[in-house]
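If you're matching them up, the sequences are chains P and Y in order. Sequential numbering from 1 applies to the first sequence in the numbering used here. Sequential numbering from 1 applies to the second sequence in the numbering used here.
Here are a few chain P residues that face chain Y, going by a calculated C-beta distance under 10 angstroms: (1) Val10; (2) Tyr18; (3) Leu20; (4) Val21; (5) Gln28; (6) Ser233; (7) Val286; (8) Phe297; (9) Ala298.
Don't read these hints as lab results, they were simulated from the structure. C-beta atoms are modelled at their ideal positions from N, C-alpha and C, and glycine is treated no differently.
Each chain, written out:
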Amino acid sequence: MKELKILAIVVFFTLVTYWLVEPFAHSQMHKHVESEGFTYKDLPALTKKGDAARGQELVMGAGACVGCHSIEAAGMPAAMDPVTNSASYGVNPPDLSNVGALYDAKFLAALIKNPAHALKVEHKFTPESGKMHPMPGFYGAGGDIDQEVADMVAYLQSIAPKVDEITPAQAFETACGRCHAVRYEKWTQIGEKPSFKKKRDELVFETKLEDYKANLTNYMGKLPPDLSMYIRSRGEHYLSTFMENPQNLLPGTAMPRVGVNAEGAEKVIEYLEDAGDPKRAERDSVGVKVMIYLLVFAAAAYLWKKEIWKDLH
Amino acid sequence: MAHFTKATSVHDWLDQRLAIDTLRRVLAKEYWIPKNINFLWAMGMVLAFTFGILLVSGIFLLMYYQPNVNLAFDSVNYTIMREVEFGWLWRHVHAVAASVVFLIIYIHMLTGIYYGSYKKGREMIWISGMLLFVAFSAEAFSGYMLPWGQMSYWAGMVITNLFSLGSLEFNGLVEWIRGDYVPGQAFLDRFFMLHVLLIPLAILALIGLHFGALRIPHVNNQDGEEIDFEEEAAKYKAGRKRESKVIAFANDFLSKDMFVVSIFLLFFFYLVFWHYGFAMDPINFDPADGLKTPPHIYPEWYFLWSYEILRPFPKDPGLIAFGFAQVIFFLLPFLDKSPNAVPASRRGIFFWWFWALVIDMIVLTAMGKLPPQGIYSTIGLVAAVAFIGLWIALPFITKMEKKV
Numbered sequence: 001m002k003e004l005k006i007l008a009i010v011v012f013f014t015l016v017t018y019w020l021v022e023p024f025a026h027s028q029m030h031k032h033v034e035s036e037g038f039t040y041k042d043l044p045a046l047t048k049k050g051d052a053a054r055g056q057e058l059v060m061g062a063g064a065c066v067g068c069h070s071i072e073a074a075g076m077p078a079a080m081d082p083v084t085n086s087a088s089y090g091v092n093p094p095d096l097s098n099v100g101a102l103y104d105a106k107f108l109a110a111l112i113k114n115p116a117h118a119l120k121v122e123h124k125f126t127p128e129s130g131k132m133h134p135m136p137g138f139y140g141a142g143g144d145i146d147q148e149v150a151d152m153v154a155y156l157q158s159i160a161p162k163v164d165e166i167t168p169a170q171a172f173e174t175a176c177g178r179c180h181a182v183r184y185e186k187w188t189q190i191g192e193k194p195s196f197k198k199k200r201d202e203l204v205f206e207t208k209l210e211d212y213k214a215n216l217t218n219y220m221g222k223l224p225p226d227l228s229m230y231i232r233s234r235g236e237h238y239l240s241t242f243m244e245n246p247q248n249l250l251p252g253t254a255m256p257r258v259g260v261n262a263e264g265a266e267k268v269i270e271y272l273e274d275a276g277d278p279k280r281a282e283r284d285s286v287g288v289k290v291m292i293y294l295l296v297f298a299a300a301a302y303l304w305k306k307e308i309w310k311d312l313h
Numbered sequence: 001m002a003h004f005t006k007a008t009s010v011h012d013w014l015d016q017r018l019a020i021d022t023l024r025r026v027l028a029k030e031y032w033i034p035k036n037i038n039f040l041w042a043m044g045m046v047l048a049f050t051f052g053i054l055l056v057s058g059i060f061l062l063m064y065y066q067p068n069v070n071l072a073f074d075s076v077n078y079t080i081m082r083e084v085e086f087g088w089l090w091r092h093v094h095a096v097a098a099s100v101v102f103l104i105i106y107i108h109m110l111t112g113i114y115y116g117s118y119k120k121g122r123e124m125i126w127i128s129g130m131l132l133f134v135a136f137s138a139e140a141f142s143g144y145m146l147p148w149g150q151m152s153y154w155a156g157m158v159i160t161n162l163f164s165l166g167s168l169e170f171n172g173l174v175e176w177i178r179g180d181y182v183p184g185q186a187f188l189d190r191f192f193m194l195h196v197l198l199i200p201l202a203i204l205a206l207i208g209l210h211f212g213a214l215r216i217p218h219v220n221n222q223d224g225e226e227i228d229f230e231e232e233a234a235k236y237k238a239g240r241k242r243e244s245k246v247i248a249f250a251n252d253f254l255s256k257d258m259f260v261v262s263i264f265l266l267f268f269f270y271l272v273f274w275h276y277g278f279a280m281d282p283i284n285f286d287p288a289d290g291l292k293t294p295p296h297i298y299p300e301w302y303f304l305w306s307y308e309i310l311r312p313f314p315k316d317p318g319l320i321a322f323g324f325a326q327v328i329f330f331l332l333p334f335l336d337k338s339p340n341a342v343p344a345s346r347r348g349i350f351f352w353w354f355w356a357l358v359i360d361m362i363v364l365t366a367m368g369k370l371p372p373q374g375i376y377s378t379i380g381l382v383a384a385v386a387f388i389g390l391w392i393a394l395p396f397i398t399k400m401e402k403k404v
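The task is simple: from the sequences and hints, build the whole structure.
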């Protein structure tokens, strides 16, 4: 009984100390941002029902989306390689094959109309700065602009695979991978780094990558960080609320709002978990086995102690 | 040369050469421990176990770790965490054990203070234990440098800066310790050497000294009772085990220790698999970057109380207070002027002194982590002054203590 009382005191002071230096201290040091569930409440709802066929004409039209974006799913390969693209736009524009599934529809519509606003980077492209967002806004093709935008979104959704058919790596590539490398997954901003047989081929690749990174650095102000260990250094909650709105956590950052829907965000997080914490399933299964072993060990130790001490008191 | 006869068994062969029977008798079967103890007396064994865990996991990690500023981070976070089979397990075990070992050290220390186990011939047990505390602190700090993350780098910068000794501006000493103007390759190499060789050697030697220091004064007991070990041992050996106030180290004491160890291991491995975050600071998963200072730099939780004694004061007084905090525990046996070596509950004011110290150190620990702003820096300053005040008051309150 006395031992239990002592144990209770030890446990109490241990827990108080733990609570003070971990949950409490971190709540005081870091701003807590609640997730909005990827609802993008600041953006207007889509009021019109889109027509994918008309949307296709708009997306594919001269001077429209495919002027810069590839759509592999619709047989439209990229016109220029990533490095040339980055020289022109600062960053390689994304392929639009799966954006209909990964991105929120409201966000896509707002992005088509006014990219800097939807991406929350208007502070970077002010009139005084003299800089323009590389993607021009869509000013309408002569008809009702809201209808036209809804049509384009409907088209993008119609060509996209179902969200559960998209792999975490594909989601990451579309949403993050043109700015962020993940070296633990061999991902670079210009694609997965192949294994080279010849040193020369590798150097050619590295040179292209360096050129791309130089253009990207010029565009973003600094090279966006490698995200290999971000699941451990930032944690899931931070990453997902950061994707939702980077300005909430890092005011003034050049990083645009990502605009993914909740499923898209989950895919991205899964990719980052695979990069920075790939043994999480093994950790759980080994953990259960170790605990079972230790319970048996504790029971044996208890019986041994009882056996020995029965002669002592 | 001794006379050797033809051995009758392997045991006999070994006994003739190594005197294993004598060793077993002296170190285990007739090494007497008081019977009147509680589970806190098993913390030494828990610490020995945890040190063993640290040593074994460290050996495995050492096979893949690269002490190079360009490779260190990836050798830990990629090679060990992803490529090597169960590398993640050894790393988590090592990191969590490095943190938990300090929890047990503090419990062990406070147990010693509460029961007065640093007095009446037990001074060397206390002093060797404090030397172990210092060695473990150096081991923890040097190990923290090795993953070469942001906290490794910046903690290394801040702590080595302390050696400039404030206004004395011993910048040459700081450079000499770092081997460079800022933490770099030379810095990482020498802390690697300290972590895997020199300090572990010192720890092993100090553990030997600590165990040796226990031998003559014997382990204290729950009521501070003075036991005639020879008389009680005679009772035990005569088969009057129930009546004797002592038990044998093995298997009597050991069986109880192992039960406590088993409970500890359940707690420890729960942390390893499901609650390791407290021991692995997120900021250290960002690679070291000398151009990017993290917004909050703080040590691991077990250094926070002494860090907070440094922080609330101006530079020079802060360093003096910090130095005071580092050495004052060593002097405990001499600052405690009371003749009583009994539990604090029977020592009047000392009882309140003990709990004030515990609470003050917890407050210091919490404030050491919180940003030094507003109310937190005020609380931190008060707690730091209180810490110094408590130690200054100790000789006076113990002098006034009545003999029990």
